[in-house]
Every structure is written in structure tokens, then in C-alpha cells.
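If you're matching them up, the sequences are chains A and B in order. Here the working numbering is used: the first residue of the first sequence is 1, the next is one more, and so on. Here the working numbering is used: the first residue of the second sequence is 1, the next is one more, and so on.
The set of hints was computed from the structure by calculation and includes no laboratory data. Among the hints, erroneous ones may be present.
[Said to hold, decoys possible] Below, computed lysine-lysine pairings styled on DSBU-like, alpha-carbon distance capped at 35 Å:
1) B:K208 - B:K347
2) B:K318 - A:K362
3) A:K328 - A:K448
4) A:K396 - B:K347
5) B:K117 - A:K48
The primary structure of each chain is shown beneath.
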Amino acid sequence: VFDRCKRYCLQSVSIAPLVTSRVLFGFIMAISIVRFILNGWVHDLYVKPIFHFTYFGFEWVKPLNEVGMHALFIIMLISALGIMVGFFYRISAILFFLSFTYVELIDKTTYLNHYYFVSLVSFLLIFVPANRYFSFDVIRRPSLKIDLVPNWAILIFKFQLAIVYIFAGLAKLNYDWLVEAQPLRIWLSAHSHWPLVGKLFTQTWVAYAFSWTGAVYDLFIVFLLINQRTRLFAFAVVVAFHMITWWLFPIGMFPFIMILSTLIFFSDEFHKKLISGWRKIVPWLKKSEPRPTVERTFVTKPYIAFILTIFFLIQIILPWRFLLYPGKLFWTEQGYRFSWRVMLMEKAGYVIFHVKDSNSQKYFQVMPSDYLTPQQEKMMSTQPDMILEFAHFIEKQCIVKGIKDPEVRAESYVTLNGSTSALFLDSAIDLTTIKESFSNKDWILPYKR
Amino acid sequence: MFRIGVLTVFCFIGIVAGFVACDSSDLEGIHFDRGPMLNNIGNNIIIPAYENMLASSEALSTAATSFTTTPDAASLNTLREIFFNTYKAWQYCAPYEFGPAEAIYLRSSVNTYPTNKSEINSNIGSGTYDFNSISSVDAKGLPALDYLLYGLAETDEAILAFYTTDSNASKYKQYILDLVADINARVSTVYEGWIETGGNYISAFVSKTGNDVGSSSGILVNSMNQYYERDLRDLKIGYPVGIRSLGVPLPNYCEALYSKNSIALANESLIAMQNLFLGFSDENGIGFDDYLVAVGAQYNNKTLAEAIDEQFTTTINKVTLIPEPFSQTVENAGVETDDAAYVELQKLAVLLKAEMPSKLGILITYQDNDGD
Numbered sequence: 001v002f003d004r005c006k007r008y009c010l011q012s013v014s015i016a017p018l019v020t021s022r023v024l025f026g027f028i029m030a031i032s033i034v035r036f037i038l039n040g041w042v043h044d045l046y047v048k049p050i051f052h053f054t055y056f057g058f059e060w061v062k063p064l065n066e067v068g069m070h071a072l073f074i075i076m077l078i079s080a081l082g083i084m085v086g087f088f089y090r091i092s093a094i095l096f097f098l099s100f101t102y103v104e105l106i107d108k109t110t111y112l113n114h115y116y117f118v119s120l121v122s123f124l125l126i127f128v129p130a131n132r133y134f135s136f137d138v139i140r141r142p143s144l145k146i147d148l149v150p151n152w153a154i155l156i157f158k159f160q161l162a163i164v165y166i167f168a169g170l171a172k173l174n175y176d177w178l179v180e181a182q183p184l185r186i187w188l189s190a191h192s193h194w195p196l197v198g199k200l201f202t203q204t205w206v207a208y209a210f211s212w213t214g215a216v217y218d219l220f221i222v223f224l225l226i227n228q229r230t231r232l233f234a235f236a237v238v239v240a241f242h243m244i245t246w247w248l249f250p251i252g253m254f255p256f257i258m259i260l261s262t263l264i265f266f267s268d269e270f271h272k273k274l275i276s277g278w279r280k281i282v283p284w285l286k287k288s289e290p291r292p293t294v295e296r297t298f299v300t301k302p303y304i305a306f307i308l309t310i311f312f313l314i315q316i317i318l319p320w321r322f323l324l325y326p327g328k329l330f331w332t333e334q335g336y337r338f339s340w341r342v343m344l345m346e347k348a349g350y351v352i353f354h355v356k357d358s359n360s361q362k363y364f365q366v367m368p369s370d371y372l373t374p375q376q377e378k379m380m381s382t383q384p385d386m387i388l389e390f391a392h393f394i395e396k397q398c399i400v401k402g403i404k405d406p407e408v409r410a411e412s413y414v415t416l417n418g419s420t421s422a423l424f425l426d427s428a429i430d431l432t433t434i435k436e437s438f439s440n441k442d443w444i445l446p447y448k449r
Numbered sequence: 001m002f003r004i005g006v007l008t009v010f011c012f013i014g015i016v017a018g019f020v021a022c023d024s025s026d027l028e029g030i031h032f033d034r035g036p037m038l039n040n041i042g043n044n045i046i047i048p049a050y051e052n053m054l055a056s057s058e059a060l061s062t063a064a065t066s067f068t069t070t071p072d073a074a075s076l077n078t079l080r081e082i083f084f085n086t087y088k089a090w091q092y093c094a095p096y097e098f099g100p101a102e103a104i105y106l107r108s109s110v111n112t113y114p115t116n117k118s119e120i121n122s123n124i125g126s127g128t129y130d131f132n133s134i135s136s137v138d139a140k141g142l143p144a145l146d147y148l149l150y151g152l153a154e155t156d157e158a159i160l161a162f163y164t165t166d167s168n169a170s171k172y173k174q175y176i177l178d179l180v181a182d183i184n185a186r187v188s189t190v191y192e193g194w195i196e197t198g199g200n201y202i203s204a205f206v207s208k209t210g211n212d213v214g215s216s217s218g219i220l221v222n223s224m225n226q227y228y229e230r231d232l233r234d235l236k237i238g239y240p241v242g243i244r245s246l247g248v249p250l251p252n253y254c255e256a257l258y259s260k261n262s263i264a265l266a267n268e269s270l271i272a273m274q275n276l277f278l279g280f281s282d283e284n285g286i287g288f289d290d291y292l293v294a295v296g297a298q299y300n301n302k303t304l305a306e307a308i309d310e311q312f313t314t315t316i317n318k319v320t321l322i323p324e325p326f327s328q329t330v331e332n333a334g335v336e337t338d339d340a341a342y343v344e345l346q347k348l349a350v351l352l353k354a355e356m357p358s359k360l361g362i363l364i365t366y367q368d369n370d371g372d
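Please model the entire structure based on the sequences and the hints provided.
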């Protein structure tokens with residue numbers, strides 16, 4: 001079996017799907033980055049805040065100053081364009097992966113599953129010869145040109161998409177989503193002002209229909225895309241599904257990234273047609289690229305298999321880590337991120353930070369909005385690790401102000417998927433005595449519906 | 001295959017459209033249209049609040065003119081009375097710092113406190129000041145007037161002397177006239193900006209019926225919360241009791257410090273917010289409470305709408321119990337962690353900022369979001 005698998009992965013296939021995916025990925029990333037910069041988000045998210053919520057183990061990732069952050073985004077943009085046109089491709093892919101991931105690691109507040117997806121795909125792009133056809137690199141060095149790649153170079157992207165969809169589908173198989181139709185019941189009814197369909201969104205059965213359809217879609221769409229007979233149908237569904245989510249929810253570029261990504265499932269012929277279509281738009285590319293005499297292929301280096309195996313193993317294990325923690329996952333959010341849990345919760349909270357000087361017994365409160373942006377405050381108020389990190393920040397602020405031994409307690413209330421807000425954390429615990437770690441946060445109170 | 005896919009999608013849309021077209025009135029479920037709510041809040045709450053404030057500030061102008069023409073005990077009392085009315089009227093406008101009000105910094109222009117006594121005195125002494133500059137906010141507005149009408153000296157006779165026998169009397173009088181004119185002009189600008197025959201912000205306000213950040217519901221909920229947390233809970237009550245200053249009371253941070261009306265104004269402000277929540281003007285119109293009822297929001301064993309309304313009432317009752325002058329109260333007592341009024345104010349904050357927007361699906365941030 002292993003040998004058959006190996007042979008299947010190394011079997012030579014057309015480079016075309018890889019090339020179009022490279023172009024489309026670079027293209028949509030460039031657009032996303034320009035949009036991000038034009039929205040002023042570089043400043044709002046990475047320059048303006050005086051405090052950032054770091055990832056455990058990545059506390060050293062700090063934002064640069066205003067000029068530095070913008071420079072980083074310009075590097076990201078140039079490398080995205082480099083990926084698109086295949087110009088110094090390997091360097092572009094590495095630079096893009098590093099700059100994008102660095103930015104994402106600056107602040108937990110901005111964690112989005114689709115940013116995680118972009119980081120993963122750009123990591124994969126580093127290892128594939130996606131620039132060796134229809135690219136500036138080939139024009140520079142015609143000897144680079146190949147027509148065939150080993151099958152794995154395309155399979156890894158399909159597998160990556162399969163992980164995203166299937167885990168997203170599995171995550172939807174929970175009580176709130178299936179039985180309560182939450183949070184869609186809340187979110188859809190907020191659209192009751194829409195013409196024609198507005199009234200439908202207030203219908204309970206519509207919320208159920210959307211919830212169940214969404215779960216089935218996520219679980220099975222990859223299989224329908226793989227099967228050549230159902231592929232076109234599946235792609236139409238992909239487009240419809242993502243466009244509907246785009247109209248309904250503020251999810252930015254995600255729908256477009258996913259729609260373009262799923263094109264990788266299409267046949268070699270389709271991708272070849274796409275490339276010859278593009279050649280018509282840029283005719284000089286056609287002339288400058290030499291015609292092949294023999295079909296040359298790319299040689300797989302053995303270390304790649306090792307890296308990719310580890311890469312995917314981690315991804316497959318990571319979403320299950322929540323099983324190691326007690327309590328309701330949505331409530332504690334221990335093991336929630338990096339698991340393709342998308343659109344699963346309507347969660348809001350409110351935290352009051354009580355500070356006491358142990359020496360003088362003097363007491364006061366800290367207002368998070370003195371230090372945090374509204375977005376940061378909103379995200380923090382429902383996530384224990386962020387509350388803890390902010391409590392430690394308060395401790396440091398107090399020490400700077402001359403309070404040597406402050407005690408910081410968080411009185412926090414959280415509402416989840418329509419439940420009545422309840423006390424979230426043990427408000428008797430002095431958070432300055434708690435260290436951040438991956439071990440269970442036993443100061444999170446149990447969830448009560 | 002592709003055709004079948006497209007066909008399926010169209011069929012789906014067709015079914016949905018047909019369903020809506022044939023029997024939309026019979027649909028069970030939530031029927032809440034934010035349009036009428038915005039219409040009620042805009043036309044029956046916000047515009048009348050500015051209208052009332054404008055009438056008050058015009059009366060304030062008149063009273064200030066008669067006081068400066070004949071400064072005596074009687075005209076001072078009239079001016080003080082109207083000043084208090086204006087300060088109360090202001091509480092009903094204060095939460096709406098968006099649109100026309102935001103454009104001219106109405107809130108900070110009218111009510112930045114503690115007021116800067118030394119700046120006021122030096123302004124009066126020099127006779128040169130520019131009320132259009134941002135840096136002047138703590139030397140003008142109602143808190144400056146509060147100081148000039150109550151805080152210049154201990155007794156009324158001594159205060160009156162500043163406007164009669166003082167060598168700078170004419171400058172003092174001019175300062176009052178100028179700052180009243182500034183309030184009046186700004187309120188008038190904002191009122192004009194809102195009404196249909198003026199800037200017609202009202203029509204934009206009523207028509208933006210979405211639930212995103214730029215929609216009127218989003219703007220209202222956000223500015224309501226921001227105002228509630230910072231201006232109402234913290235500035236009016238929290239700061240003076242020392243909740244942000246290591247428990248050290250800050251009596252000088254009281255609103256209406258010199259006229260000693262801090263608690264009355266805080267209550268007025270809570271009533272204004274309760275009215276906004278209920279959509280209450282002359283009668284109980286459509287407000288956020290009706291919206292919450294429509295979406296079936298529950299809070300323990302009652303509706304969230306009831307819970308919030310009750311919490312408003314509880315909070316108002318607790319705040320009322322604080323003895324005036326508030327500055328004296330905080331100086332004597334300091335703050336206990338379980339300070340009753342503040343605790344109730346906090347509970348209300350949880351309901352308004354976490355519960356309500358979450359149940360309504362109203363966005364309070366603008367960024368991309370995949371719902372986690």
C-alpha cells in the first residue's frame with residue numbers, strides 16, 4: 001500500500017493546475033493586502049494599539065513602528081505579486097509566508113481562520129515548483145521550464161482544502177449548531193430589513209436549513225469536487241455558498257479566496273485552457289517562452305516528504321486538542337483556535353478588572369478601553385487567555401506606577417449563543433498569581449445553560 | 001453538470017422568492033423592522049432633545065443678557081435657574097455624539113469637566129480667547145458657567161461683586177455672554193443639521209436600517225455604550241468616588257461641582273438613556289426594548305427587555321440615594337468596593353454592552369470576522 005501510495009504521489013502530471021493556482025493565489029493576496037492597507041487597518045490594528053495580545057511562545061513577535069509596519073505590508077504585497085507572476089518565486093514565497101505570518105502573530109485579536117489558511121498555503125507554496133511554467137523566472141532562465149510535476153505538488157493543496165472543509169464540517173456537529181440553530185438564528189434575524197428575503201431570515205426553519213446545509217456542505221463538498229462527474233455541480237454550489245456567506249456576514253475576502261482555491265480540483269485541460277486564455281491577455285509572454293522539445297519533470301527531494309508529513313500531521317492533530325480539556329469548548333475556548341471553527345458562536349462579554357494594592361489595601365478599577373481598541377476589548381472579554389494576559393499587563397502598569405504588589409481580579413460576564421450572561425471566571429482568583437500555559441485553566445467557571 | 005448546478009441554484013432562489021411573494025404576511029416568527037424604531041428614536045427622541053436644548057440655551061442667552069445688563073440677586077437667580085434647566089436638557093442630547101454633533105465636538109464643547117479655573121481667570125483677565133480652538137473646551141461650556149455663577153466666591157454677594165464692582169466686571173460679563181453664545185451656536189448648528197429642513201441628517205439616520213457598524217442601529221448602540229461607560233458611569237460617578245484613582249476620591253471631578261447638582265444630573269442622564277432604550281417620548285414608542293422582545297431575548301426567567309428596564313430603575317433609585325453635594329459625600333466617605341450605586345451601574349453596563357448587542361446581532365467592530 002505504501003509503495004502504491006508513493007508511486008501515486010510521484011506520478012508525473014501536468015504542471016498547469018499548480019501554475020494557475022499560483023497565479024490566482026498571488027492575485028487574490030495582492031488584492032487583499034491593498035484592501036487592508038486602503039482600509040487603514042495597518043494603522044488601526046498594528047500601530048494604534050498600545051498593547052497586543054500575544055500567542056503563547058510567540059511573545060517576541062512585536063509590531064514595528066508606523067513606517068516599519070507599512071514597509072512590512074509593502075514587502076508582503078511585492079512578494080504576493082512575485083508569486084503571481086513567478087518572479088524570483090521561491091524567495092517571494094518565503095518572504096510572503098514570513099511577513100504574513102509575522103503580522104498574524106502580532107496580535108491574537110485579529111486571529112481569523114482564513115488568515116491561518118493563507119499562512120499554511122503560502123508555506124506549501126515554498127516547496128512546489130509552481131514557477132517553472134508561465135512565469136518570469138522561465139523567461140529569465142528558459143532552462144527552468146518543465147511541463148510535468150509529481151502528483152504530490154498538486155495533491156497537497158487538495159488535501160489542505162479537504163482539511164479545512166472537513167474539520168469545519170465536523171466542528172458544526174454540535175448541539176448549538178444542529179439542535180438550536182445557533183448562532184445563525186441570531187445572525188440571520190438581524191437581516192430582517194432585506195428586501196424580499198428579509199422576512200425569511202426571521203424564520204426559525206430557515207436558520208435550521210442554513211445550519212444543516214452548511215454542515216453537510218462542509219463535510220462533503222471536497223468529495224463532490226474530487227469526483228469528475230459531480231465537479232461542476234459542486235463548484236456551482238461552492239460559488240453559491242460562499243457568495244451567500246459574503247452577503248450575510250462581514251467575512252471580508254475569505255469567500256473569494258475559497259472559491260478560487262477550489263479551482264485546483266479541476267482537470268488539467270481546464271487549467272491549460274485558463275493559461276492559454278491568460279496568454280492571450282499578455283501576448284508577449286507567449287513569444288518569449290520557448291517551446292518545449294521534451295517533457296521535462298521536476299525531481300522530488302526526499303526531505304520534502306518528511307516536512308510535509310509533519311506539517312499535515314500537526315494540522316490533523318491540532319483540532320482535537322480540545323478533548324484534553326474539561327468543560328464546554330465554546331465556553332472555555334481551550335483548544336479553539338487553529339481548528340477551522342468558523343462562524344460557530346455569538347459570544348459577548350464584559351470584564352471589570354478589580355485591582356487592590358496588597359500593601360495599602362487600596363482598591364480601584366481599571367477600564368480596559370483606556371488601553372485597548374474596541375475590537376481588542378471585545379475579543380478579550382470572552383477569551384480567558386486574553387483576560388489573563390491583560391491582567392498581567394495591568395500588574396506591570398501598576399508596578400510602574402509604584403504599586404509594588406497589586407492583586408488583579410477579573411469579574412467577567414459572558415453570553416454565549418443567546419444564553420443569559422453568567423459569571424465567566426472565578427472572580428476571587430488573583431490573576432497575577434496565575435501563569436499562562438497550556439494546562440487547564442481551572443479558574444474558568446463551568447458553563448451553565 | 002455545470003448547468004445542473006446553476007439550475008439547482010436558480011431553483012433554490014426561485015423557491016425562496018416564490019415563497020416570499022405568495023404569502024409573506026402569514027409567516028410566523030420574528031417581525032421586527034428597525035426602520036420604525038429609528039424613525040421613533042430620531043424624530044421623537046433625538047430631535048426633540050436638541051429642540052429642547054436649543055430652547056433652553058436661547059432662554060439662557062436671554063437671561064445672561066439681562067443679568068449682564070443689570071447684575072443683581074434677582075437676575076442672578078433667574079440665570080441660575082435657567083442654567084440648571086439647560087444642564088438637565090443637555091443630558092438628553094449628550095449620548096448622540098455622531099453625525100452633526102460629532103462634526104463640531106458638541107459633547108466636549110458643552111460639557112468638559114472639571115473646568116479649568118485658572119484658564120478661565122486668565123482668559124477673563126486678558127480678554128483674549130478663542131472658543132473655536134479645541135484647547136478651550138475646559139474653559140467654556142456649562143461647567144465654566146457653573147463656576148462663574150456659583151464658584152467665584154463663597155457668598156452670592158461676593159459673586160455678584162465680580163460682575164458689579166470688580167475692576168474686570170465688564171470682562172466677566174463679556175465672558176458669560178461669549179460662552180453662552182458659543183453653546184447656543186453649537187446646539188443650533190447640530191439641531192439644524194438633524195432636521196429635515198436643514199441638514200436632514202434625520203433622513204439618512206432613518207434609512208440606514210442595517211445592523212453593521214455604519215448602520216444607525218450600530219452607531220446608536222456603540223455611541224450609547226461609549227457614552228454610558230465613559231461619560232455616565234465613570235465621569236459622573238466613578239471618577240469622583242475614586243474608582244480609577246486608587247480609591248482616592250476626586251471631589252473636584254464632580255459634574256456641576258459648584259452648583260452642587262451632580263446627582264440630579266446623573267439621574268437625569270440615566271432617565272434619558274432609559275427613555276432611549278424604551279423609545280419613550282410622550283408615549284412608549286418603538287425602542288430597543290421592543291426589538292429585544294421581537295427577537296425573543298431572555299434573561300433568566302424574564303425577557304431581557306424587562307431585565308434592562310428594571311436595572312435602569314434600580315440604578316436610578318440607588319443613584320438617587322447618594323446625598324448632595326456629591327463632592328462632599330465622596331470626600332467624607334471615599335469609596336467602598338461594594339459602593340451600591342456603582343455596582344448597579346456596572347450591572348447595567350453588562351446588560352447594555354454585552355447582552356443587548358449580542359442578542360440583536362449588532363456589530364460593534366468593523367473588521368473582517370469569521371465569527372470566532
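Evaluation of the provided hints:
1. B:K208 - B:K347: holds (30 Å)
2. B:K318 - A:K362: holds (24 Å)
3. A:K328 - A:K448: Holds, at roughly 10 Å.
4. A:K396 - B:K347: holds (28 Å)
5. B:K117 - A:K48: holds (33 Å)
In terms of the numbered hints stated before, the structure departs from none.
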